[in-house]
Amino acid sequence: MQANRPRPAEISPELYSAVAKVDELTYKSTLGKELIELVKVRASQINGCAFCLNMHSKAARKAGSSEQKLYLLSAWKEATIFTSRERAALGWTDVLSRIAEIEANDEHYTPLLAEFDEKEIVDLTLLIGLINLWNRLAIGMKYTLPNPTIDPS
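Numbering follows my numbering, with no gaps: position 8 of the sequence shown is 8.
Some hints here could point you the wrong way.
Stated by the list, open to error - Below, computed lysine to any residue pairings styled on SDA-like, alpha-carbon distance capped at 25 Å:
| # | residue 1 | residue 2 |
| --- | --- | --- |
| 1 | LYS58 | TYR16 |
| 2 | LYS33 | LEU137 |
| 3 | LYS33 | THR83 |
| 4 | LYS58 | ARG87 |
| 5 | LYS77 | VAL95 |
| 6 | LYS33 | ASP94 |
| 7 | LYS62 | GLY48 |
| 8 | LYS58 | LEU126 |
| 9 | LYS69 | ASN4 |
| 10 | LYS33 | GLU101 |
| 11 | LYS69 | PHE116 |
| 12 | LYS28 | GLU118 |
| 13 | LYS28 | ARG136 |
| 14 | LYS62 | ASN4 |
| 15 | LYS58 | GLU120 |
| 16 | LYS33 | THR125 |
| 17 | LYS33 | ALA20 |
| 18 | LYS119 | LYS142 |
| 19 | LYS33 | GLY129 |
| 20 | LYS21 | ARG7 |
| 21 | LYS28 | GLY129 |
| 22 | LYS142 | ASN4 |
I should point out that these hints are in silico values taken from the structure, not numbers from a laboratory.
Using the sequences and the accompanying hints, generate a full structural model.
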């Protein structure tokens, strides 16, 4: 973090901890860790959050995502490597992460119905909102990468 920006976890520990707890709870959903991390990486790409991209790309690899999937994530609409479930989630991520530009209409919502139950759709929607919150926090508070060197792990 930049020296002139507050540290959210120190300045507002109760609120920061509550957000972190909600983030923890997303991993208890039936969405699956790999899909959760793909959604987090995709939203972070859209929002341009280097800190979150770094963190969640590593987490996606640990959750089972292939390097190829991560390389192609920004072009997911054209890449055939993504499952229909992943494609539905990524489409919803794109829409909700660009809500000021794209209306979240039935065209975007309907693909979810074939892949997710109602609870999963709500969990996915909350997850997308949450990673967008984290992106804005990291960008606004100027979070910096822990080690800005290339890390092959």
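Going through the hints against the structure:
Our distance criterion of 25 Å between C-alpha atoms is met by LYS58 and TYR16, whose separation comes to about 23 Å. Taking the CA atoms of LYS33 and LEU137, the gap is near 22 Å; set against the 25 Å cutoff, the hint holds. The suggested pairing of LYS33 with THR83 holds, with an alpha-carbon distance near 15 Å, which does not exceed 25 Å. Under the criterion of a C-alpha separation no larger than 25 Å, the hint pairing LYS58 with ARG87 is consistent with the structure, at around 21 Å.
Restraint check for LYS77 and VAL95: the C-alpha separation of about 13 Å stays at or below 25 Å, so the hint holds. With a C-alpha separation of about 19 Å, the suggested pair LYS33 and ASP94 falls inside the 25 Å cut-off, and the hint holds. Using a Cα cut-off of 25 Å, the hinted pair LYS62 and GLY48 holds, with the two alpha carbons roughly 22 Å apart. The hinted pair formed by LYS58 and LEU126 meets the criterion: a straight-line CA distance of about 22 Å does not exceed 25 Å.
Between LYS69 and ASN4 the CA atoms are separated by roughly 37 Å; this puts the pair beyond 25 Å, and the hint is violated. Proposed proximity of LYS33 and GLU101 is contradicted: the alpha carbons are some 28 Å apart, above 25 Å. Taking the CA atoms of LYS69 and PHE116, the gap is near 21 Å; set against the 25 Å cutoff, the hint holds. Of the pairs offered as hints, the one joining LYS28 and GLU118 holds, with about 16 Å between alpha carbons and a cut-off of 25 Å not exceeded.
Restraint check for LYS28 and ARG136: the C-alpha separation of about 24 Å stays at or below 25 Å, so the hint holds. The straight-line distance between the Cα atoms of LYS62 and ASN4 is roughly 34 Å, outside the 25 Å bound, and the hint therefore fails. With a CA separation close to 24 Å, the supplied pair LYS58 and GLU120 stays within the 25 Å bound. Our distance criterion of 25 Å between C-alpha atoms is met by LYS33 and THR125, whose separation comes to about 15 Å.
Of the supplied pair hints, the one linking LYS33 and ALA20 holds, its CA atoms being roughly 16 Å apart against a limit of 25 Å. Between LYS119 and LYS142, the direct Cα distance comes to roughly 34 Å. Violation of the 25 Å bound is thereby established for this hinted pair. As the CA atoms of LYS33 and GLY129 are separated by approximately 17 Å, the hinted pair is consistent with the 25 Å bound. Using a Cα cut-off of 25 Å, the hinted pair LYS21 and ARG7 holds, with the two alpha carbons roughly 18 Å apart.
The suggested pairing of LYS28 with GLY129 holds, with an alpha-carbon distance near 17 Å, which does not exceed 25 Å. For a cut-off of 25 Å, the pair hint linking LYS142 to ASN4 stands: about 9 Å separates their Cα positions.
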